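Residue numbers (the working numbering), protein chains in the order written: chain A, 1 to 262; chain B, 1 to 262; chain C, 1 to 262; chain D, 1 to 262.
Think of the hints as simulated: they come from the structure by calculation, not from any bench. If you're wondering where the values come from, they're calculated on a predicted model, not measured in any experiment. Mixed in with the good hints there might be a few duds.
Copies of the same chain are indistinguishable here, so a pair counts whether it falls within one copy or spans any two.
Said to hold, decoys possible - No more than 20 angstroms apart at the CA atoms, straight line, and that leaves these computed lysine to aspartate or glutamate pairs for DMTMM-like:
| no. | residue 1 | residue 2 |
| --- | --- | --- |
| 1 | 155 | 52 |
| 2 | 59 | 113 |
| 3 | 21 | 68 |
| 4 | 59 | 33 |
The primary structure of each chain is shown beneath.
There are 4 protein chains.
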Amino acid sequence: MKSMASSAPQRIAAIVGVGPKLGRSIARKFVHEGYTVAILARDLGRLSKFADEIAREEKAQVFAIRIDCSESRSVREAFEGVLSLGFVEVLVYNAYQQPPNWHPTNFTDIRLDSFEKSLTVSSVGAFHCAQQVLPGMVERGRGTILFTGCSGSLKGIAGRSELCCGKFALRALSQCLSMEFQPHGIHIAHVIIDGVIGPPRGGQSSSSASQRTTTLGTTPIGVDVIMDPDAVAQTYWQLHVQDRSAWTQEIDLRPSNPPKFC
Amino acid sequence: MKSMASSAPQRIAAIVGVGPKLGRSIARKFVHEGYTVAILARDLGRLSKFADEIAREEKAQVFAIRIDCSESRSVREAFEGVLSLGFVEVLVYNAYQQPPNWHPTNFTDIRLDSFEKSLTVSSVGAFHCAQQVLPGMVERGRGTILFTGCSGSLKGIAGRSELCCGKFALRALSQCLSMEFQPHGIHIAHVIIDGVIGPPRGGQSSSSASQRTTTLGTTPIGVDVIMDPDAVAQTYWQLHVQDRSAWTQEIDLRPSNPPKFC
Amino acid sequence: MKSMASSAPQRIAAIVGVGPKLGRSIARKFVHEGYTVAILARDLGRLSKFADEIAREEKAQVFAIRIDCSESRSVREAFEGVLSLGFVEVLVYNAYQQPPNWHPTNFTDIRLDSFEKSLTVSSVGAFHCAQQVLPGMVERGRGTILFTGCSGSLKGIAGRSELCCGKFALRALSQCLSMEFQPHGIHIAHVIIDGVIGPPRGGQSSSSASQRTTTLGTTPIGVDVIMDPDAVAQTYWQLHVQDRSAWTQEIDLRPSNPPKFC
Amino acid sequence: MKSMASSAPQRIAAIVGVGPKLGRSIARKFVHEGYTVAILARDLGRLSKFADEIAREEKAQVFAIRIDCSESRSVREAFEGVLSLGFVEVLVYNAYQQPPNWHPTNFTDIRLDSFEKSLTVSSVGAFHCAQQVLPGMVERGRGTILFTGCSGSLKGIAGRSELCCGKFALRALSQCLSMEFQPHGIHIAHVIIDGVIGPPRGGQSSSSASQRTTTLGTTPIGVDVIMDPDAVAQTYWQLHVQDRSAWTQEIDLRPSNPPKFC
């Protein structure tokens with residue numbers, strides 16, 4: 001665990017499943033908005049680099065904590081670390097098992113342990129992480145849990161049962177939890193990312209509407225085939241700050257000009 | 001048509017279906033963010049009062065234009081007025097036919113003309129309004145159309161076929177339009193409001209997250225049974241300013257603590 | 001109206017929207033199973049040919065009755081004819097407005113009256129026909145209403161708003177009616193036909209399972225790209241004879257080997 | 001493994017997850033239609049009683065084979081037995097982990113191992129069983145796999161994450177498999193049972209329509225609150241014998257007069 005904090009931390013956001021794209025952008029956004037952020041993933045070396053980078057940019061503390069979401073002991077230990085920082089007000093669960101290759105796999109070639117691991121990372125890990133933070137949220141009557149889904153959360157895809165089964169299960173979890181915990185003041189939402197996220201464009205994703213609409217007019221058709229992770233992170237933030245009289249349970253996100261597949 | 005403007009208006013938002021709750025809050029939000037807003041509904045007297053009120057509060061111009069969404073001629077004439085103000089960058093379609101009474105109606109007691117009118121207001125009106133503004137949006141390669149749905153947009157309800165058929169059709173329209181027009185840079189989204197909207201709480205729905213989370217801790221469980229229209233309007237605004245690399249097509253909104261029905 | 005009956009008819013099935021494919025196959029199946037069948041469509045000449053043909057094949061009475069589902073008066077008059085035959089135990093609603101051409105239409109080129117008519121044929125006509133037969137079904141505590149949907153009933157398609165809005169609305173109607181009338185013993189189901197129906201293969205679609213499985217082994221992959229209307233009609237029949245303790249509200253049907261579209 | 005067969009078996013149906021209600025009725029139906037049936041469950045004693053009973057009633061062979069769907073070795077061994085009988089043409093997967101009690105469980109009280117086991121039985125077991133039979137089906141270009149879902153397959157329920165996550169995952173599996181294997185002639189369907197199944201009513205669930213419609217008229221409203229497993233099994237059979245030009249991927253079943261819950 002890498003700490004750059006000194007004074008007592010109060011408002012903690014834990015981002016589980018942080019790679020170079022979405023997780024990093026979400027972490028940066030919450031740091032930027034004043035949260036003490038813990039980022040968690042399996043590769044501590046890479047994670048520490050992200051933490052340093054965000055900490056430097058935002059002049060704030062960022063904690064890098066190793067987690068293996070397929071190991072219950074690792075989840076427990078990681079959250080001992082997270083919870084020691086203070087009240088975890090926000091949990092973002094982003095982790096899933098990357099398929100071994102980009103192409104679909106013949107169903108009969110999928111190894112049982114690979115299928116099980118994918119299900120475990122997508123859904124059992126989410127279950128377990130949620131259990132670590134919910135008691136504190138219930139006690140304080142507030143908190144936000146955001147789960148990351150994909151197009152495979154809604155519809156099965158040939159050759160993608162590993163991904164889809166885990167993501168369907170995660171969606172179920174988000175619905176069950178919102179039914180149970182929203183009356184306790186805990187906002188639980190499922191974000192369906194229906195597209196490919198690229199590197200941040202380095203733009204001002206949080207730019208004001210007037211800037212945006214000015215530049216929109218000059219954007220040539222054909223751009224926006226891939227998604228800017230900073231733009232996606234902006235929606236995660238907006239979900240978190242929604243007023244509790246009007247909460248979203250499920251939202252989709254896709255590029256304006258998605259590629260056509262056959 | 002009531003005008004309080006003098007200089008040339010540029011950024012127009014048209015809000016169709018404006019009553020004392022959601023429509024009014026959306027209008028106020030877009031005025032507050034710098035848009036020239038036209039509000040449209042059947043009752044011009046009430047509408048003018050809303051326009052005056054918002055114009056006074058926000059020190060801005062608001063146009064009240066009569067529309068009967070069940071009459072094609074009225075739609076055309078109303079949008080001649082709207083389009084004369086300038087480029088309509090935003091259309092919010094909020095109109096639907098109020099059921100004659102609160103209780104479900106026996107199916108065999110529903111009058112054919114009542115069913116037809118409900119379908120017309122919910123979906124034909126939306127079709128027609130969208131046709132008025134889309135050519136301009138396509139020409140400029142930008143624009144936002146937001147359609148308002150409800151829980152009856154997703155699932156049939158006994159005794160509510162008038163509402164549900166129209167709202168299902170509206171959801172279809174929003175999906176067809178987004179498939180066709182998002183590659184042209186036009187954002188089309190469907191907002192499912194799954195709850196009862198009350199009067200604005202007069203609070204700062206656009207308050208910063210830090211204020212909000214501070215006060216959340218003291219909110220007693222049991223509140224947030226009804227929805228604050230200002231909070232809902234905030235989500236409409238956020239949809240409008242989403243980056244075009246990560247657009248939402250469908251989002252739901254409900255109170256954290258919805259009433260239980262049998 | 002063309003009558004080939006002499007004795008008192010008792011078990012009536014009315015099939016609305018009968019062309020050379022699905023409607024005709026459903027009609028033939030119900031005739032084959034002993035029902036007195038009325039077939040209804042706009043083109044009485046073609047309809048009468050179908051009625052003659054089925055009557056000859058099945059040695060039974062078939063009634064051809066003209067209906068224009070976009071005209072309320074035509075619906076009422078047609079059902080006066082149908083109801084004069086006796087208790088209408090089964091209604092199949094199959095009618096929809098054929099799009100003017102096979103290719104998707106630019107949204108801004110769709111005429112308002114064309115959109116309205118499509119919505120009317122798909123959903124208002126279904127509403128009106130259901131109203132004609134439901135009082136008799138409620139009185140007797142039994143009956144079946146089957147609505148025909150398509151892939152456009154579930155998801156919007158670019159350039160197909162006329163079809164999709166009507167078919168979404170029809171799906172809503174089927175759900176509302178089943179919520180209200182299933183406790184009265186009336187079975188209401190929605191059949192989603194997700195594929196292209198071809199001409200009947202002239203095979204024994206109702207062949208026993210043993211015959212079927214014997215021949216299956218020799219069927220080359222690549223067949224079954226289009227759907228056999230007799231096979232589809234078989235599922236309509238099975239829905240009708242489902243035991244009331246286990247009723248289907250929605251079912252999909254597609255060929256085993258659907259064509260791939262881009 | 002208990003064998004009552006002597007001659008060479010050819011057409012095998014394997015029913016996994018057989019208790020006194022649905023599994024038993026499905027087994028009996030397939031035996032009645034001429035299949036050699038293997039029934040599989042954890043409790044071999046009870047299973048053998050069912051096998052004896054059906055074998056006696058139908059004068060046919062029924063195999064009882066122990067399986068623990070949460071143990072990969074048990075699944076493999078059980079299917080060695082099943083596959084030794086001949087080509088498995090039909091697989092019905094019915095198994096799920098009964099929740100420890102009828103009432104919903106507080107999320108934070110659910111044990112991690114209990115959640116994992118439920119997910120394993122509902123979905124990993126289904127994955128594994130499907131892998132055992134699919135190579136043979138692909139080789140012969142035919143076969144049917146039917147998965148049993150429930151209302152928790154479509155929508156999360158407060159306090160039911162164990163059930164819902166597993167059942168959502170199972171639904172994903174059924175969709176992925178149908179996308180991949182239907183073009184190979186293998187029919188894969190998901191049956192959503194949205195209601196409580198009771199004991200068989202002992203009626204003729206396969207009675208002809210004329211008998212059924214005669215008796216329907218006298219059925220008092222208020223019956224059909226629970227589902228007859230023989231009636232449900234009838235739909236499983238009908239799915240199996242569907243023509244391959246018109247296959248169902250998903251179907252729901254519920255009693256005509258379901259109980260109202262708050």
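Okay, the hints, checked on the actual structure:
1. Neither within a single protomer nor between protomers do residue 155 and residue 52 lie at most 20 angstroms apart by alpha-carbon distance, with minima of 38 angstroms and 41 angstroms respectively.
2. When the C-alpha separation of residue 59 and residue 113 is checked against a cutoff of 20 angstroms, the pair qualifies neither within a copy, at 43 angstroms, nor between copies, at 41 angstroms.
3. Taking the closest pair of Cα atoms, residue 21 and residue 68 come within 20 angstroms of each other only inside a single copy of the chain (19 angstroms); across copies the shortest separation is 41 angstroms, beyond that limit.
4. Proximity of residue 59 to residue 33 under the C-alpha cut-off of 20 angstroms is restricted to the intra-copy arrangement: shortest distance 12 angstroms within a copy versus 31 angstroms between copies.
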